[in-house]
Amino acid sequence: DQQVKQNSPSLSVQEGRISILNCDYTNSMFDYFLWYKKYPAEGPTFLISISSIKDKNEDGRFTVFLNKSAKHLSLHIVPSQPGDSAVYFCAAILLQGAQKLVFGQGTRLTINP
Amino acid sequence: SAVISQKPSRDICQRGTSLTIQCQVDSQVTMMFWYRQQPGQSLTLIATANQGSEATYESGFVIDKFPISRPNLTFSTLTVSNMSPEDSSIYLCSARGAGDTQYFGPGTRLTVL
Chain E
1 DQQVKQNSPS LSVQEGRISI LNCDYTNSMF DYFLWYKKYP AEGPTFLISI SSIKDKNEDG
61 RFTVFLNKSA KHLSLHIVPS QPGDSAVYFC AAILLQGAQK LVFGQGTRLT INP
Chain Y
1001 SAVISQKPSR DICQRGTSLT IQCQVDSQVT MMFWYRQQPG QSLTLIATAN QGSEATYESG
1061 FVIDKFPISR PNLTFSTLTV SNMSPEDSSI YLCSARGAGD TQYFGPGTRL TVL
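Order-wise, the sequence lines are chains E and Y.
Per my numbering, the first sequence starts with residue 1, numbered consecutively.
Per my numbering, the second sequence starts with residue 1001, numbered consecutively.
These are calculated hints, taken from the structure and not from any lab test.
One thing to keep in mind: the hints can contain errors.
[As the list claims (entries may be wrong)] No farther apart than 30 Å at their CA atoms in a straight line, the calculated lysine-lysine pairs in the DSSO-like style are these:
(1) Y:K1065 - E:K54
(2) Y:K1007 - E:K100
(3) E:K5 - E:K68
(4) E:K68 - E:K54
(5) Y:K1007 - Y:K1065
(6) E:K100 - E:K54
[Unchecked claim] Some, not all, of what chain E presents toward chain Y, calculated at C-beta under 7 Å:
(7) E42
(8) F46
(9) S49
(10) F103
(11) Q105
These figures come from a predicted structure and were not determined experimentally.
For each residue, glycine too, the CB sits at the ideal point set by N, CA and C.
Please build the complete structure, drawing on both the sequences and the hints.
Structure, rendered in structure tokens:
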């Protein structure tokens, strides 16, 4: 049972444009969401997070939007830069209980010059 | 944020042998975790490393195969025992401190021949 889904395995965006990465989840009890960026041969790097009580969080070029009614979150990167090319994972967590991160399958973002 | 280091960064091992991976966090953390990322896959939680007690394993992972130690609040080890080629993977240490953000180490790339 895949509780967190990233339905797009890959995304290609032109440099300078907006990159939008999407994530859907099935468990309405998740109360915290995180985005990670991963380069090959490195560990995931934390990017940005959002609590379930908010609908938007912004940090520089990165903005995460949460739509609880749709059980959907998205990561916007603007403007996209070549260094943003990586695999992006969304993750969700239940802060009560076991507090285990549940990851999506990842989306490979390629920024084209 | 927590800075996490892992040793070794990579290793090539023979079938039937065991490898112990070390994880060091630069600050005391409440929770430590071990993940595995197989080629082309998402991150899979192996276990939660509990300080002073036995680790909590996820379904499909057992202590005999993946013994874990956590002697204090900043250090943990994961042993991959009696290795087979199917154990070839990236093993990642992760930690969460006082906040809700979870950080990852750089990973250990294991190849079993």
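A quick look at each hint next to the structure:
{"no.": "1", "hint": "Y:K1065 - E:K54", "result": "violated, 41 Å"}
{"no.": "2", "hint": "Y:K1007 - E:K100", "result": "holds, 24 Å"}
{"no.": "3", "hint": "E:K5 - E:K68", "result": "holds, 15 Å"}
{"no.": "4", "hint": "E:K68 - E:K54", "result": "holds, 9 Å"}
{"no.": "5", "hint": "Y:K1007 - Y:K1065", "result": "holds, 19 Å"}
{"no.": "6", "hint": "E:K100 - E:K54", "result": "holds, 21 Å"}
{"no.": "7", "hint": "E42", "result": "holds, 6 Å"}
{"no.": "8", "hint": "F46", "result": "holds, 6 Å"}
{"no.": "9", "hint": "S49", "result": "holds, 6 Å"}
{"no.": "10", "hint": "F103", "result": "holds, 5 Å"}
{"no.": "11", "hint": "Q105", "result": "holds, 5 Å"}
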